[in-house]
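Asks: Listed below are the residues making up each chain.
2 protein chains.
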Amino acid sequence: MKQPAKEDQSHPLFRQVYEYMLNRMERGEWKAHDKLPSIRGLAEELKVHRLTVFKAYRELTDSGKVYVKDKSGYYVSPANLLREERTVEGAAVPAYSLTNPMSDIQRMPVTYQFSQALIDPGLLPNLFLSDYVKKVFDLYPKVMGTYSSVQGDDELRETLSEHFHKHYRLQLSPQELLITSGAQQAINLIAGLVLGPMDPVLVERPTYSVALDIFRRAGARLIPVEITPEGYDLEAVEALMRKFKPRMFYMNPTHHNPTGYTVPARQRKQLVELAEQYRCLLVEDDPFRDIYFGEAPPAPFFAYDTEGWVIYISSFSKYVAPGLRICAVACRHPFMERLITAKSLADNGSPLLNQKIFLHYYTSPRLQQHLGKLRIALQVHKEIMEEELASSGWEWTAPEGGLNLWVKLPDSVSASALFARSMEQSISFVPGELCDPLGEMKSRLRLSYSFASETLLREGMRRLMKLAREL
Amino acid sequence: MKQPAKEDQSHPLFRQVYEYMLNRMERGEWKAHDKLPSIRGLAEELKVHRLTVFKAYRELTDSGKVYVKDKSGYYVSPANLLREERTVEGAAVPAYSLTNPMSDIQRMPVTYQFSQALIDPGLLPNLFLSDYVKKVFDLYPKVMGTYSSVQGDDELRETLSEHFHKHYRLQLSPQELLITSGAQQAINLIAGLVLGPMDPVLVERPTYSVALDIFRRAGARLIPVEITPEGYDLEAVEALMRKFKPRMFYMNPTHHNPTGYTVPARQRKQLVELAEQYRCLLVEDDPFRDIYFGEAPPAPFFAYDTEGWVIYISSFSKYVAPGLRICAVACRHPFMERLITAKSLADNGSPLLNQKIFLHYYTSPRLQQHLGKLRIALQVHKEIMEEELASSGWEWTAPEGGLNLWVKLPDSVSASALFARSMEQSISFVPGELCDPLGEMKSRLRLSYSFASETLLREGMRRLMKLAREL
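Residue numbers (my numbering), protein chains in the order written: chain G, 9 to 479; chain Y, 9 to 479.
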């Protein structure tokens with residue numbers, strides 16, 4: 009595995025300014041021996057602190073991209089500005105960060121798999137599913153030869169709009185749904201429509217690390233919003249909206265990944281009002297809604313939205329059939345038209361076969377039966393992990409749903425050091441700093457209890473805790 | 009259907025300069041009352057003719073974005089620069105063109121379908137395929153619960169690397185293959201890695217219109233390369249490579265879409281040498297290789313490449329099982345690593361089920377049998393269309409493969425006028441100007457003979473020709 013470099017993970021603000029400037033030099037907007045803007049001027053333009061710009065200039069100077077003349081200011085160096093790592097077989101690639109350390113981690117085969125927030129395939133009703141596949145071929149004999157429409161199969165969107173109404177209290181028409189290949193494609197398409205270089209985006213701290221990589225790729229500027237067991241500090245969120253005028257807030261407010269926290273109902277309504285007021289899209293990623301251990305969670309943000317400021321990403325496919333990669337995105341006109349065009353350019357529509365299989369299984373009574381059993385099985389998994397952790401001295405808040413524990417190690421132990429050791433022993437987890445937009449949270453780790461079998465769960469946790477004691 | 013606006017289709021160079029400038033103003037790089045660069049200066053910076061910049065300035069002035077002061081130059085207007093169509097629920101979207109008129113056309117249900125370069129599902133072996141699906145469930149009972157690796161199923165990539173070696177004379181390892189969801193996703197991922205605003209990209213004239221939309225979306229500058237029955241004019245290509253230093257050349261050199269032309273073998277070797285010399289990636293899109301009516305076509309460009317300058321997109325899925333959306337991209341290290349990361353951010357890997365079904369059908373003797381029959385059926389379709397056209401006075405070059413006729417109307421008839429009339433009569437085709445990077449070719453149309461049944465083909469062609477006579 010390519011070890012994720014520290015810089016890729018943390019990507020602090022000064023580095024975003026650095027990349028922004030380098031990009032303008034590489035594009036020839038700032039040429040050799042041109043005088044660069046003053047630190048004060050650029051800080052005002054980008055709405056960042058002068059110290060941040062100063063650090064970016066210092067890094068540019070240190071690396072020889074920029075030189076200082078007679079104290080009169082900064083100038084572009086005449087040297088070849090194309091950095092090595094940007095050159096792909098001689099063809100330069102766009103300047104913004106292209107990394108996905110989470111994917112690098114998950115590419116490693118390990119025995120004790122605690123890094124994947126996926127459900128053990130053994131817990132899914134695989135035999136039932138093959139019945140539905142046969143049924144699909146009887147019903148639609150030409151399904152293999154047929155493209156889906158870009159927006160997604162009509163019958164599936166109709167069924168889902170009814171389902172969302174009945175179970176999640178959402179009012180929407182089939183025209184307000186788009187089928188994507190997983191939530192990740194949805195996040196990627198939305199980011200591509202909304203975010204450009206240096207555009208501010210609100211993100212929870214901590215959050216889903218791949219979303220951070222997608223936003224970094226767009227060159228966006230990550231503005232963290234702390235999430236706690238009580239939800240967000242709405243005054244702080246409003247201050248950030250006022251100051252940065254962010255284009256969107258990417259959120260995962262229900263059995264949050266990685267912490268398991270759920271934002272309370274009263275905050276949902278208030279935050280939708282703030283979004284309207286400050287014209288900030290709320291992108292609500294909601295994959296864990298149906299994975300709860302006690303009470304069902306409050307209705308989605310989307311249910312409180314009347315003005316079209318919430319985009320709802322419902323990737324219930326995680327527990328239905330992950331192998332199909334079916335996700336539904338709900339949003340209003342006119343954003344939906346844009347999203348459909350983006351999807352048409354990205355892959356021209358998700359495969360029809362997968363949509364039809366999903367549809368027929370999803371509407372069956374078997375699914376509800378299965379879901380009840382799955383909740384119990386996952387709760388048992390969670391409790392096993394907690395039991396094993398009880399003697400560790402590590403800290404966590406017991407989640408009421410979802411697939412992960414967000415664990416704090418004693419201050420003396422670093423999660424990256426533990427990660428390096430644990431990978432040698434075929435144990436994987438997600439180091440907390442990957443989930444932190446600021447690249448800190450170095451004593452945190454995300455442990456997924458959903459994928460490993462009960463035996464491997466116990467065994468792997470014992471080994472992991474032993475490694476930590478040795479550190 | 010949203011009628012594609014003329015500007016979206018033609019998108020001439022001055023409009024790209026216009027968008028580039030507008031983008032910089034919208035991003036705040038050029039602020040209200042700032043003096044803009046001189047026409048001469050900007051023309052040199054962007055390596056375009058001064059007249060082009062002049063036209064862009066004139067359009068900016070006409071629309072009030074820019075004002076002229078005392079003959080001293082151009083200045084940014086203080087007015088709100090955000091254009092209406094860029095505002096999505098108040099959140100501005102990145103400034104470059106987001107259109108896909110081809111997808112808009114294909115979203116319309118019509119009786120006489122000549123706009124889709126897809127194969128009539130009735131010609132595909134649907135019943136056989138359902139057998140393979142059942143087999144897949146027996147072999148991999150947990151396939152529905154399992155994610156594919158990001159790069160694609162190992163077994164499938166091994167099989168394909170052997171297949172490419174045996175049938176296409178390509179030497180490559182499974183590590184040099186990535187599975188994507190259709191060729192379009194491949195083009196989109198590659199464009200995202202290689203192209204940025206104002207980057208020059210060589211494209212055939214005419215070409216696949218959706219690829220043009222993808223490159224426009226990236227803000228790239230389209231440099232046309234004429235394609236004729238004899239292939240390319242390599243001296244002209246070299247001159248373009250020398251002048252523009254394009255990052256890539258997107259090509260469809262075998263039974264080319266829309267013309268059906270095939271670039272001869274001797275040009276393939278020479279062009280790969282030019283690509284090496286000028287460090288220009290050749291992106292070879294090859295979906296029609298196996299759809300030939302006489303001789304098999306020459307080996308792919310990829311077969312002549314030793315230095316890693318060709319990326320090969322093999323979307324044979326068109327005739328295997330379009331509903332699965334399986335495509336393979338071949339390229340060398342280090343571009344492959346980049347491409348895998350881009351795929352991991354885009355959708356985290358194509359669905360495993362689809363890859364496994366494809367694998368088992370693809371390696372079966374039934375496929376080769378089916379392919380022989382399919383070639384004959386498509387040739388019959390082509391000949392029916394040509395028979396009907398014989399009396400029209402329209403011109404075309406009989407293709408030796410592929411799914412389309414590229415037809416020239418008499419000069420007095422405009423393809424867009426005919427298109428408007430034909431859609432009223434439930435007949436669709438692709439107006440030639442969509443396939444032209446310059447937005448001209450207004451007397452051309454692309455007629456796909458592969459999708460409509462023989463009866464509808466005859467009937468639809470007669471109706472279409474009647475409409476043209478009436479115009």
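Rather than coming from a laboratory, the hints here were simulated on the basis of the structure.
Predicted model only: the values in this text are computed from it and were never measured.
Incorrect hints may have been included.
No distinction is drawn between identical chains; accordingly, a pair holds when it is met within one copy or between any pair of copies.
What the hints assert, rightly or not - Using 27 Å as the maximum straight-line C-alpha spacing, the simulated DSSO-like pairs for lysine-lysine come out as follows:
hint	residue 1	residue 2
1	K55	K251
2	K142	K277
3	K326	K63
4	K253	K277
5	K253	K474
6	K450	K474
7	K63	K150
8	K43	K63
9	K55	K39
10	K174	K143
11	K150	K253
12	K381	K174
13	K450	K143
14	K381	K150
15	K73	K55
16	K326	K143
17	K450	K416
18	K253	K39
19	K251	K39
20	K381	K416
21	K73	K63
22	K253	K73
23	K39	K73
24	K142	K253
25	K326	K73
Asks: Look at each hint and say if it fits the structure.
Replies: Each hint tested on the structure:
1. K55 to K251: within (9 Å within a copy, 39 Å between copies)
2. K142 to K277: neither (44 Å within a copy, 48 Å between copies)
3. K326 to K63: Neither, since 43 Å and 52 Å both go past 27 Å.
4. K253 to K277: within (20 Å within a copy, 53 Å between copies)
5. K253 to K474: Close neither inside one copy (47 Å) nor across copies (57 Å); limit 27 Å.
6. K450 to K474: Intra 19 Å, inter 73 Å, cutoff 27 Å: intra-copy only.
7. K63 to K150: neither (60 Å within a copy, 51 Å between copies)
8. K43 to K63: within (18 Å within a copy, 29 Å between copies)
9. K55 to K39: For K55 and K39, the Cα distance is within 27 Å both inside one copy (24 Å) and across copies (14 Å).
10. K174 to K143: within (26 Å within a copy, 37 Å between copies)
11. K150 to K253: neither (49 Å within a copy, 46 Å between copies)
12. K381 to K174: Within. Shortest intra-copy distance 21 Å satisfies the 27 Å Cα cut-off; inter-copy 49 Å does not.
13. K450 to K143: neither (50 Å within a copy, 47 Å between copies)
14. K381 to K150: The answer is between: 18 Å across copies meets 27 Å, while 35 Å in one copy does not.
15. K73 to K55: both (23 Å within a copy, 24 Å between copies)
16. K326 to K143: both (22 Å within a copy, 24 Å between copies)
17. K450 to K416: within (9 Å within a copy, 66 Å between copies)
18. K253 to K39: Cα proximity of K253 and K39: across copies only (18 Å, versus 31 Å in one copy).
19. K251 to K39: Answer is between: at 20 Å across copies they meet the 27 Å cutoff, but 32 Å inside does not.
20. K381 to K416: The answer is neither: 30 Å in one copy and 64 Å across copies each exceed 27 Å.
21. K73 to K63: Answer is within: at 14 Å inside a copy they meet the 27 Å cutoff, but 35 Å across does not.
22. K253 to K73: between (31 Å within a copy, 23 Å between copies)
23. K39 to K73: both (11 Å within a copy, 26 Å between copies)
24. K142 to K253: neither (51 Å within a copy, 53 Å between copies)
25. K326 to K73: Close neither inside one copy (46 Å) nor across copies (48 Å); limit 27 Å.
Consistency note: the structure conflicts with the earlier hints numbered 2, 3, 5, 7, 11, 13, 20, 24 and 25.
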